[in-house]
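Visitor: Read off the chains here:
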Amino acid sequence: MRKIAIAVSLTVFIAFLIAAAFLIHPFGSPPSQMDDYIIENAQRETGANNAVTAVVFDYRGYDTLGEATILFTAVVGVVMLFRKERRG
Amino acid sequence: MMSKIVRTMSNFLILVVLVYGLYIIMHGHSTPGGGFQGGAVVASGVALLIVAFGSHSIHENLKEHHLSILKSTGLLIFIGLAFGGMARTFFYNFLVGSPIFGHIPPLGPNPGEMLSGGVIPLMDIGVSLNVAGGLSAILLVMALAITATEVEE
Amino acid sequence: MEGIPFNIPFLAVAAMIGIAFYIIVSQRNLIKLVMGLSILASGVNLFLITLGYREGGIAPVYTHAPTERMVLPIPQALTLTSIVIAVACLALMLSMVVHIYRHTGDIDAEKSRQMKG
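Residue numbers (our numbering), protein chains in the order written: chain F, 1 to 88; chain C, 1001 to 1153; chain E, 2001 to 2117.
Just so you know, these hints were derived from the structure itself, not from any lab.
It is possible that some hints are incorrect.
As a list, the in silico DSS-like pairs of lysine-lysine whose alpha-carbon atoms are at most 30 Å apart [claimed, not checked]:
no.: 1; chain 1: E; residue 1: K2032; chain 2: F; residue 2: K84
no.: 2; chain 1: F; residue 1: K3; chain 2: E; residue 2: K2032
no.: 3; chain 1: E; residue 1: K2111; chain 2: F; residue 2: K84
no.: 4; chain 1: E; residue 1: K2111; chain 2: E; residue 2: K2032
no.: 5; chain 1: C; residue 1: K1004; chain 2: C; residue 2: K1063
no.: 6; chain 1: F; residue 1: K84; chain 2: C; residue 2: K1063
no.: 7; chain 1: F; residue 1: K3; chain 2: E; residue 2: K2111
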């Protein structure tokens, strides 16, 4: 009974994924309003030549702060798990 | 511990890998690259040393609290620069136009300049210390825990 | 139904996510389950990059750039963040698997679930 439910739901999910791959925009011409603004004005407002670094550190710097915190916390978790206990 | 040839060559190759990683970090605002990519390259240099020399020899000189100091310093530099432009908003680029790093390049395709980009190169240094220290700490701690018992060959 | 576009990269993303979900549901070995999660993360990163491709475009860098249209830069920034988060989560999951093996002596998902007193 459980195996039939798993097989049916998996088939429905994969059919949904393949249908979405056909109904999305054609590959090579995406809708882009925000990116046109960034490509036009990134050099004048930030002074950097690299548009990707300007987006990561200037236009969306808050996401980079969250990601640096995630990396720090994961490393603290790994080092804590492998610590030797001292008894006495 | 690997053979003599591997140890001698890795003594030389670690310098090449460190210079390459520093080049990717410092030119993050002109060419593709930046803080995260350069930090990963430096951590792969540390992985080369751990494989060539054995994790116990590396652990005698490089403990976990040295790497912890590196990580925390990088994250504090990043947060301090984010609070620097607090006069307008959080994360404001307050160094564009000022003489430290703030020369605006001419618009359109141009040969890149080093002293441009505002607060971005300094944030690159902070994030790269965080990533390099963090990934090296993961590799060192896991290599020590796995080879706890001696394997006889 | 005029022209249904036959996008091969999006079909590849659908195949990767489908295979990853099948691995997560059907495998019992813990290491294979972690590998399935890693394939899922790689599939999502591929989807983010292929969303922002313009035909005949160049990289969004102005240094010595030829004069053509540029590819969208925002999905590349999101993919950078996603790759770093996937590496951190993978390290934490693998160290937990090592701990489960040390405490229960078995890496089967059904057997290592009982809590012993």
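Visitor: Taking the numbered hints from earlier one at a time, note which ones the structure violates and give those numbers from smallest to largest.
Guide: Per hint list: zero violations.
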